[in-house]
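**Student:** The lines below spell out each chain.
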Amino acid sequence: MVWEAVIGLEIHAQLATTSKIFSGSPTTYGADPNTQASAVDLGLPGVLPVINQRAIEMAVSFGLAINAEICRHSIFARKNYFYPDLPKGYQISQYETPIVAGGSLEISVEGSTKSVRITRAHLEEDAGKSLHEGFQGRTAIDLNRAGTPLLEIVSEPDLRSAEEAVSYMREVLGLVKYLGICDGNMQEGSFRCDANVSVRQQGEHGLNTRTEIKNLNSFRFVQQAINYEIQRQIEITEAGNEITQETRLFDDRYGETRSMRSKEDAHDYRYFPDPDLLPITLSVEFIERLRDDLPELPKTKLARFVKKYNLNETEATILVQEPETARFFEAAIKIEGAQPKQVANWIIGDLFGAIKKSGLGIVDSCISPAYLGQLVARVVDNTISGKMAKEVFLAVWDSDLSPDQVIADRKLRQLSDSSALESIVKEVLSENTEQVEQYKSGKRKILGYLVGQVMKKTQGQASPKLVNTIIQDFITQS
Amino acid sequence: MNDTFPRTVAEIMEGLRQGEFSSVEITEHYLKKITALDGELNSFITVNNELAIEQARAADRRRSLGKARELTGVPYANKDIFCTKGIRTSCGSRMLADFIAPYNATVVERLDREGMVMLGKTNMDEFAMGSSNETSFYGAVRNPWDRNRVPGGSSGGSAAAVAAGLSPIATGTDTGGSIRQPAAFCGVSGLKPTYGRVSRYGMVAFASSLEQGGPLGVTAQDLALMMNVIAGFDPRDSTSINRPFEDFTRKLGTSISGIKIGIPKEYFEKNLDPRIAETVLGAINELKNLGAGITEVALPNSPLSIPAYYVIAPAECSSNLSRYDGVRFGYRCKDPKDLNDLYCRSRSDAFGAEVKRRILIGTYVLSSGYYDAYYRKAQQVRRLIKQDFEKAFTKVDFIVGPTTPTTAFHHGAHSDDPVAMYLADVYTTAVNLSGLAAISIPVGFVKSLPVGMQIIGNYFDEARLLNVADAYQSVTDWHRRLAPFPV
Amino acid sequence: MPISTDEVEAIARLARLSIDVSDVPEYADRLSRILNFVEQMSTTDTEGIDPIAHPLEVAGRSRQDEVTEHDERETFQAQAPDVENGLYLVPKVIE
Chain W
0 MVWEAVIGLE IHAQLATTSK IFSGSPTTYG ADPNTQASAV DLGLPGVLPV
50 INQRAIEMAV SFGLAINAEI CRHSIFARKN YFYPDLPKGY QISQYETPIV
100 AGGSLEISVE GSTKSVRITR AHLEEDAGKS LHEGFQGRTA IDLNRAGTPL
150 LEIVSEPDLR SAEEAVSYMR EVLGLVKYLG ICDGNMQEGS FRCDANVSVR
200 QQGEHGLNTR TEIKNLNSFR FVQQAINYEI QRQIEITEAG NEITQETRLF
250 DDRYGETRSM RSKEDAHDYR YFPDPDLLPI TLSVEFIERL RDDLPELPKT
300 KLARFVKKYN LNETEATILV QEPETARFFE AAIKIEGAQP KQVANWIIGD
350 LFGAIKKSGL GIVDSCISPA YLGQLVARVV DNTISGKMAK EVFLAVWDSD
400 LSPDQVIADR KLRQLSDSSA LESIVKEVLS ENTEQVEQYK SGKRKILGYL
450 VGQVMKKTQG QASPKLVNTI IQDFITQS
Chain Z
0 MNDTFPRTVA EIMEGLRQGE FSSVEITEHY LKKITALDGE LNSFITVNNE
50 LAIEQARAAD RRRSLGKARE LTGVPYANKD IFCTKGIRTS CGSRMLADFI
100 APYNATVVER LDREGMVMLG KTNMDEFAMG SSNETSFYGA VRNPWDRNRV
150 PGGSSGGSAA AVAAGLSPIA TGTDTGGSIR QPAAFCGVSG LKPTYGRVSR
200 YGMVAFASSL EQGGPLGVTA QDLALMMNVI AGFDPRDSTS INRPFEDFTR
250 KLGTSISGIK IGIPKEYFEK NLDPRIAETV LGAINELKNL GAGITEVALP
300 NSPLSIPAYY VIAPAECSSN LSRYDGVRFG YRCKDPKDLN DLYCRSRSDA
350 FGAEVKRRIL IGTYVLSSGY YDAYYRKAQQ VRRLIKQDFE KAFTKVDFIV
400 GPTTPTTAFH HGAHSDDPVA MYLADVYTTA VNLSGLAAIS IPVGFVKSLP
450 VGMQIIGNYF DEARLLNVAD AYQSVTDWHR RLAPFPV
Chain P
0 MPISTDEVEA IARLARLSID VSDVPEYADR LSRILNFVEQ MSTTDTEGID
50 PIAHPLEVAG RSRQDEVTEH DERETFQAQA PDVENGLYLV PKVIE
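Residue numbers (numbering that gives the first Met the number 0), protein chains in the order written: chain W, 0 to 477; chain Z, 0 to 486; chain P, 0 to 94.
Excised from the complex, chain W in its bound form (with noise of 0.2 Å):
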C-alpha cells in the first residue's frame, strides 16, 4: 500500500492597516487589554460597521499577485457563532462572493517547482483573544484584536507533504510581505494557518474524510502537526477504521495533534448577506491602477538581479528573500563604482554577519546602504585593500563616520600612488637580489616574499595588487 497525504492550507494573514477593517481603532500590537476596542469593536447595541478602503485594496493586491480573478461585486456575511471573543455573536466575513477567486502559486520542493491553486481570498474580522489561565476557573477576554483585518487564503488540496505545506506557506509570507500588506510576524500571531489533511491510495482521484488542525503559528508546527497527523490516518486506515472528521489541535509539547474537546454538533453558521453593509463594487479602472501599483514581485525581481547585475542563482535568492535586503542592495549598488557583484557579497557576509550579532534586522543595520555602497566604491578603485576594508567596516558600523572619513582620518589610503611605490620597489629589490634570481629562474611564488617586503616598508598600507604588477614589470624590464 502506497499512501498519498492530500493538504490544503488555509492562512490568515493580518492585514497591516492603520485601522480595523470595520472601526477607526487602531491595530497596534501589545497594548493594554480591551484598551483598543471601540463601540463598534464591542458590539455594543446600535453601532455600525463601514468598511475599511485599504483593506480592499490590499485584497486586491493579493489577487492580482497571484492571477486571480477580482470580483468585481463581493458582499459581506455574517457567520454567526456563540463565542465569548467574539463580541457580536457573529463575526463578518465572505461567503458566497468572495474578493479573490482562483489565482495560484509556484512554490519549489527539493529542486523542482510546484504550481498550488488557490481557491479563494476573502476579506473578514478577526476576533479577540480568550485567556484560560490564571483568572481562577474564569476565561479572560481582551477585544483589541477584535476587528482586526484578516485576508483568509484558501488553497486546493494540492499539496502532497508537509514540506509542500512549509514551502507554500513560506511563498505566501513572501508574497504578502513584498506586496506590505502583512508584516507576518508568527510570534505576533499575524500570520497563521490552518491545515487540512487527509490520506488516500496513490493512484485513487477522489477525497477522503479529511480532519482540520487549528492555529498553526511557525514552519515548524506546520511540519511536525501534518506529519503526525498523515501517520495517525494512516495507522487507523490501516487497522481497518474510518477516519472521523473533525477540528484538531497541535500540542506542541509533545508533537501531537489531538481532538478538541469540546467540540458539539457541527456548527451551523447561518451565513446569510450582512445588511449593514452594501456590496463592495470594484471599477476596473480601480483595479488597473493596484495592477500598476504592483511592486515589483520577488521571482521578477530575481530574473532581474541575475540578468542586470550578473549575480548567480543563489546569490540573487537571497538578496530577494526579503524586500528589505532587495532595497538595500539596489539603493548601495547606486553609489558610483560599487560593483553589484561586489556589493552582493559585501552584504551576504560581512553585512549579514554584523546584524546577526547584534540581534536586530537589515533596517536597523548601522551602516547605511550608501556608506556600504561607498566602502565597496574604495575597494574597486584600490584606495583601501580588502582587508583593511573590513576594518572599516567596523568602524564605521560603530561610528557616524563615512567610509571616506574613517579613511582619511586613520591615513588608511593605500598607497597607490605608482611613482612613490616604484622606488620603494626598487630598494627592495636591490636589497633582496637572491629572491629576484629564484624569482627569474621559475620560483613564481617568491614573488609573494617580495610583495611582503615592499608591504613591510609600507606600514602595510601599498595596494598589493598594484605592487604585485610593479615588481613583475621591474622583474621583466630588467
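Calculated from the structure, these hints are not laboratory results. For glycine and all other residues, C-beta sits at the position ideal for the given N, C-alpha and C. Be careful, since some hints might not be right.
Reference excerpt, derived from the structure (chain W facing chain Z, CB under 7 Å, subset only) [stated by the list, open to error]:
| id | residue |
| --- | --- |
| 1 | Pro-83 |
| 2 | Tyr-89 |
| 3 | Asp-267 |
| 4 | Phe-271 |
Beta-carbon label-pair distances, calculated as ranges [stated by the list, open to error]:
| id | chain 1 | residue 1 | chain 2 | residue 2 | range |
| --- | --- | --- | --- | --- | --- |
| 5 | P | Gly-85 | Z | Gly-18 | 51 to 57 Å |
| 6 | P | Ile-93 | W | Gly-358 | 50 to 56 Å |
| 7 | Z | Asp-111 | W | Arg-71 | 39 to 45 Å |
| 8 | W | Glu-95 | Z | Glu-10 | 51 to 57 Å |
Dock chains Z and P against the given chain W, drawing on the hints supplied.
**Tutor:** What follows is chains Z and P alone, placed relative to chain W:
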C-alpha cells in the same frame, strides 16, 4: 389642566421666537403634564426632569445670545431605542434595563446640536418587535382615545405621548409599520422616511435592511421641521445615503392640483373593515377636490409582503440580537455555572416571549436546509414587491390607502395567535421591504377611534409627500382633534 | 410545514435560548403557525429573480484607513458585569 401652551412644533417655535414664553416654561409645562397624566398611559419609560430643564435653560441662553436655530428650545420625546449618552436606553427590554448608553446616537447628536429639549424616553415594544406596545418589559402602553385599547407599536409610547399632548413631537422607528400604525391608532401623523435618509448609528438594530427612524407629531408641517433636524448623511452608517442637504418644508403650501394619486385595488379587498374603507375613500375624495387625479394601480405581490417580512425581519433580528450575551454589558444571570448557562439563562431571563419567538423563527429560516426555501425566497419576493412599486410610480406620483385594516384593538386581543397580530401590518410592510417613504395621517373616526390614511411616496420624494399630507390637513381638522384625555 | 418539538429544541440551542420543557409544545405550535403562514410564498414563481438584500441598490461606501478612536475602556467597562484588570470575565471555556 391649563393648556395655554401651543401643541405643535411650528407654534412653539413661533412662541419662543416672539418671546411669548421661554423654553424652560414650556418644558416645565410638558413635564408637569407627564407627571400628572402618564400614569394612565405608561407612555414614558424614563422622564428626564432635571436634564430637560438644564437643556431648556441652555436653549434659552442660546436664544438670548442670538444663536438659536430653528427648533432650539422645542421639547420632544425620544423613543427608548435611540442611544442617549449617560441615560438609560432600555429598548423596552429587561436585557437593557440597566444599560446606560455610553454614546449618543447620531439622531440624538443632531437633536442636541439643534438645541431641542428631551423630555424623556418613550415606551416601546421590546426591541421594536410588536404592533401593540404590549411586549414591553415596562408594561403595556394605553391608547389615549380608549385606555382599554392598544396605541399600536412598536413606537406606541411616542404615538400616545403626542396624542395625549404630553409632548409636541416624538421620534420613532419603523421596521414594518412601527411609526405609521401607532400614528393611525392614536390619531397623529407619522413619517417613515426613505431608507438611508436618517442615520441608524445608535438606533438599536432589530431588522437592519428594513428600519428607519422618523418623527411622529400633530401636523405634517411639524414632521417636515423635525426631518430637517434628524435627516442627513452619516459616515458612521454604511447604509446612509449621501445627498446634499434639503429643506423638507420647501414644498409645503404648494397646490396639489395635477398630482396623480394611485389606489391599489389589492388594498380595498377582503379583511378591511368597510367603515375604514369608507373613511379613507372619503379622504381620498378630499384630495380629489384639491385637484389630484385618482387612478387605480396594481400591486399584485402586495399580499406576500407580510410573509416576506416575517421571514426577513426575524432572520436579521436573530443575528442582531446575538450580541446580548451577558458578557460585556446588559443583563447577566446570577452565578452562571458555565459558558452555555451564562448565554442561555441570561438571554432567556431577559428576553420576552415575542422576542424569543422571532429569534427562533429567524434562526430557523437561516439554518442550513431552510435558507433557500425561506430566506432566499423571501428576498426574491422582496424584489417582486419593489418592482410592483417601481412600475406603479411610472404612472402615479403617490399611492394611497388605509394604514391599518382595523382601528386600535383591545389589549390582549391577539395574545393567542401571533399571525393575527402580523396581519395588522398588511399595508405597511411592503413599504419597508421596498425602502420607500410613507406617511400616515388621521382622516376620521370609526366608533370614536382614529383612522389613518397612508400616503406612499417614491424614493427621496418626502418633500412632496409631506406637502400632500399638509394640503389635506389645511382643509380638514382630524389631526387637530384632541383625545378625550384625561377623562 | 410544522416544526417539531425536537427542532424547536435544536434551534433554541443554536440561538442560546433555554426553553422550559413544558413550554416547548406551545413554542412548536406558535412557530408552526408562523411557518405555515409564510409558506404562502412558495406558490409564487420566482424563477430567475435575483434576491435583494438592500432596498436601495447602491454601491458600498468605504472609509479612509486612519485611527479615529481612542481608549474609552473605563467608560465602556463601567457597566460590564464582570471585569478584572481591564479584561472581561466569563466562566472558563474548555477547548
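**Student:** Each of the hints needs a verdict: does it hold here or not?
**Tutor:** Hints, one by one, checked against the model:
1. Pro-83: holds (6 Å)
2. Tyr-89: Hint on Tyr-89 of chain W: holds, closest Cβ of chain Z at ~6 Å, below 7 Å.
3. Asp-267: The hint holds - Asp-267 of chain W has a Cβ within 7 Å of chain Z, the shortest such distance being about 5 Å.
4. Phe-271: Hint on Phe-271 of chain W: holds, closest Cβ of chain Z at ~6 Å, below 7 Å.
5. P:Gly-85 with Z:Gly-18: 51 to 57 Å: holds (53 Å)
6. P:Ile-93 with W:Gly-358: 50 to 56 Å: violated (39 Å)
7. Z:Asp-111 with W:Arg-71: 39 to 45 Å: Holds: the Cβ-Cβ distance is about 41 Å, inside 39 to 45 Å.
8. W:Glu-95 with Z:Glu-10: 51 to 57 Å: Check passed, 54 Å falls within 51 to 57 Å.
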